[in-house]
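Once you have looked at the hints, place chain E on chain R.
Number of protein chains: 2
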Amino acid sequence: MLRLVPTILLPIVSLTPALAQGPNAGLPPLPLDEDTYVFDTAEAGRVRVVVVTRELENPWSLAFLPDGAMLVTERPGRLRILRDGVLDPEPIAGLTDVYTGGGGGLLEVALDPGFAENERIYWTYTKELPDDDHTAALARGRLQGTTLVDVEEIFEARTGVGGPPAGAPILFGPDGMLYMGVGGANDDIAQRTDNHQGKILRLTGDGEPGPDNPFIGQAAHLPEIFTYGHRNMLGLALHPETGAVWENENGPQGGDEVNVLEPGANYGWPIVSFGREYAGPRVSERTFAEGMVGPVVVWVPSIAASGMTFYTGDAFPEWQGNLLVGGLQFGRIPGTGQLHRIVFNENWEEIRREALLMELRQRIRNVEQGPDGRVYLVTDEDDGAVLRIEPE
Amino acid sequence: MLRLVPTILLPIVSLTPALAQGPNAGLPPLPLDEDTYVFDTAEAGRVRVVVVTRELENPWSLAFLPDGAMLVTERPGRLRILRDGVLDPEPIAGLTDVYTGGGGGLLEVALDPGFAENERIYWTYTKELPDDDHTAALARGRLQGTTLVDVEEIFEARTGVGGPPAGAPILFGPDGMLYMGVGGANDDIAQRTDNHQGKILRLTGDGEPGPDNPFIGQAAHLPEIFTYGHRNMLGLALHPETGAVWENENGPQGGDEVNVLEPGANYGWPIVSFGREYAGPRVSERTFAEGMVGPVVVWVPSIAASGMTFYTGDAFPEWQGNLLVGGLQFGRIPGTGQLHRIVFNENWEEIRREALLMELRQRIRNVEQGPDGRVYLVTDEDDGAVLRIEPE
Chain R
0 MLRLVPTILL PIVSLTPALA QGPNAGLPPL PLDEDTYVFD TAEAGRVRVV
50 VVTRELENPW SLAFLPDGAM LVTERPGRLR ILRDGVLDPE PIAGLTDVYT
100 GGGGGLLEVA LDPGFAENER IYWTYTKELP DDDHTAALAR GRLQGTTLVD
150 VEEIFEARTG VGGPPAGAPI LFGPDGMLYM GVGGANDDIA QRTDNHQGKI
200 LRLTGDGEPG PDNPFIGQAA HLPEIFTYGH RNMLGLALHP ETGAVWENEN
250 GPQGGDEVNV LEPGANYGWP IVSFGREYAG PRVSERTFAE GMVGPVVVWV
300 PSIAASGMTF YTGDAFPEWQ GNLLVGGLQF GRIPGTGQLH RIVFNENWEE
350 IRREALLMEL RQRIRNVEQG PDGRVYLVTD EDDGAVLRIE PE
Chain E
0 MLRLVPTILL PIVSLTPALA QGPNAGLPPL PLDEDTYVFD TAEAGRVRVV
50 VVTRELENPW SLAFLPDGAM LVTERPGRLR ILRDGVLDPE PIAGLTDVYT
100 GGGGGLLEVA LDPGFAENER IYWTYTKELP DDDHTAALAR GRLQGTTLVD
150 VEEIFEARTG VGGPPAGAPI LFGPDGMLYM GVGGANDDIA QRTDNHQGKI
200 LRLTGDGEPG PDNPFIGQAA HLPEIFTYGH RNMLGLALHP ETGAVWENEN
250 GPQGGDEVNV LEPGANYGWP IVSFGREYAG PRVSERTFAE GMVGPVVVWV
300 PSIAASGMTF YTGDAFPEWQ GNLLVGGLQF GRIPGTGQLH RIVFNENWEE
350 IRREALLMEL RQRIRNVEQG PDGRVYLVTD EDDGAVLRIE PE
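Order-wise, the sequence lines are chains R and E. Quick note: the first sequence uses numbering that gives the first Met the number 0, first residue 0, plus one each step. Quick note: the second sequence uses numbering that gives the first Met the number 0, first residue 0, plus one each step.
Just chain R, same shape as in the assembly (with noise of 0.2 Å):
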């Protein structure tokens, strides 16, 4: 929990006339017109957040460049770059065609491991199929200043007929492979292994099946499958000591998860789950099972749990090991996004949680650790934002 001081503080909302507010309607919008927020936090002392910019559409992901720029993906379909903190002005050119309605649009950026030497990043986006059918695919490109040439769309996942998935995380592990959630899984596709929705994929940099895949050669199941049973997947984090893929999903209402991946195992949704269908019934009496792990971080009630990281810079020693995972809302209530700080014994066991910067009332979408050690974040608003949080 954070604090505002006086002199920075959040500007007044016009509450005039009186708001006739109905169920469910949320906290009024605060728009983030300032240039430097300060906080208290329980650890770290007091903390700035500097709004980078306040320019950007629905930012989705972020990523950093090995010359220190930042990769920021717009929801509408827009990859943009910042540079020494300033968003340049133009989106980067020969982008793949991205579907934009329903939620849907461009999603995660990533760098190849040997971005250095071939230039390539990869992102994922939402595609439109015929017949009003949607879909989440994978697409790379090399990046030479603000053009992307030699763009391919490598792998398009294969779902089910509905509304398209809303999120579509991807990560390279430590074994070069690209792992790729595709979320939208609200009901029981997530235990079919004959499509992708509710699966983390796992992928070579060609967008072909990895070679020694949990179901490579086992007809009934797709190749790409690295784990299933999983819902709606919005962040993927590589663990700083084990190497291992962490990876988050929202619950319906209540049962955001954090998991740690292995290879071939079910999640379980929806068999079990922490959380409560929208309209109140519980999805399941149980919450963990036989032949299922069960996640390593739980919420309840929800925060719509989204990008996360795990912090090991020095800006911040005392949060090092930490989780850090954005929120977009809390408890079902627009306009309540917040940071969670997980913090874990020797055995990566959560031993305590702090909720940060819920006073900005933005839906925190992403959060990354800079080449500096300080946290970027990105706020899936209309007004949207990069976020740094430093020191004071």
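The hints are simulated quantities; they were obtained by calculation from the structure and are not laboratory data. Check each hint, because a few of them may be wrong.
Said to hold, decoys possible - Computed from the model, here is a short list of chain E residues facing chain R with C-beta under 7 Å:
(1) L26
(2) P27
(3) P30
(4) E33
(5) P112
(6) G279
(7) P280
(8) E284
(9) T286
(10) E289
(11) R331
(12) R351
(13) R352
Note that the structure is a prediction, hence the values are computed from the model and not measured. Here a beta-carbon is modelled for each residue, glycine too, at the ideal position from N, C-alpha and C.
Relative to the frame of chain R, chain E by itself:
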């Protein structure tokens, strides 16, 4: 989530010299120096929080007299009275002796349903026993002006040897019976019915077992027990429609619960739990089990759920039917108390949850609806307050 308005801004806490905060240091304390605070809420517009008094020492419980005066317990063993919002400088005379070591003290206060005729009030407290043992006890007396007469201890809980039970909430049900929780069951003592720890008891106004209690006449079970398998209960509330008694209890790290009490039922602690031990490992791989009743509301992480009440007043029509639950701290981080508002569907299943008042950084210990339909809180702080929430 709420927001401060500049004119009533919280004061700056001195942070010079720089804080050297260790693990779990918590947020710096924040005195309630202003007379009022105004916040946005998600569904009730803006609300004003009025500091009725800030001159209490660790207030724990409050109860309204028919004439509108308010009784407040202080954990150090004093019963106080406020009339027209003014704290009588003299405590009520004639209270029982109270053991105040180790977090114990004077705990809850409740009026006899026949108070208007019999002037009777009931209170719970920590009682010292031989051999450095302690327990929870129940007493009653008649309140005449500012003096208690005919004071008598009418029940003493049979607990295991150990620290004093941290909670002992009491509530008169629509059946005229007095429900009393005896907490502090950190181990499997809660599953054994030869003691009162981790149990909800059902007593007559004389402190005797309810004559139709579920274990009456069964020699292996104590006759006062109504339900068992609880951990550390801090709140009881009467459901405004069903007349059922709802109870809440603290998990260790995660796993705070609200339960609906059914005679003779087992609520599962520590066989099932949504929480983790303080050191990190899960309490159990199971959250539900055959023959045990599961919670209707869960918190992961914990808020240290405390007093609670169903809101039924006219001051906040948007909150009618909601459950208001105080929280002492969030995620095991000191300085993060808050008030949660839980919204249910027509089957009394949760559909959303709002966190309120966290900017005040107070340990919200109890919440009651006043006869004026406004919401009253006490804060478990050295400089403890009575707060009133009203429309702006």
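Hint check:
1. L26: Cβ of L26 of chain E sits 5 Å from chain R, so the hint holds.
2. P27: Since the shortest Cβ distance to chain R is 6 Å, the answer is holds.
3. P30: Because about 12 Å separates P30 of chain E from the closest Cβ in chain R, which is outside the 7 Å limit, the hint is violated.
4. E33: Where the cut-off is 7 Å and the nearest Cβ of chain R is about 12 Å from E33 of chain E, the hint is violated.
5. P112: At about 32 Å, which exceeds the 7 Å cut-off, the nearest Cβ of chain R leaves the hint on P112 of chain E violated.
6. G279: Status holds, d = 3 Å.
7. P280: Where the cut-off is 7 Å and the nearest Cβ of chain R is about 6 Å from P280 of chain E, the hint holds.
8. E284: 5 Å, holds
9. T286: Check passed: Cβ of T286 of chain E comes within 4 Å of chain R, closer than 7 Å.
10. E289: With a minimum Cβ separation of about 10 Å from chain R (threshold 7 Å), the hint on E289 of chain E is violated.
11. R331: Interface hint status for R331 of chain E: holds (4 Å vs cutoff 7 Å).
12. R351: 4 Å, holds
13. R352: 4 Å, holds
Checked against the numbered hints above, the structure breaks hints 3, 4, 5, 10 and satisfies the rest.
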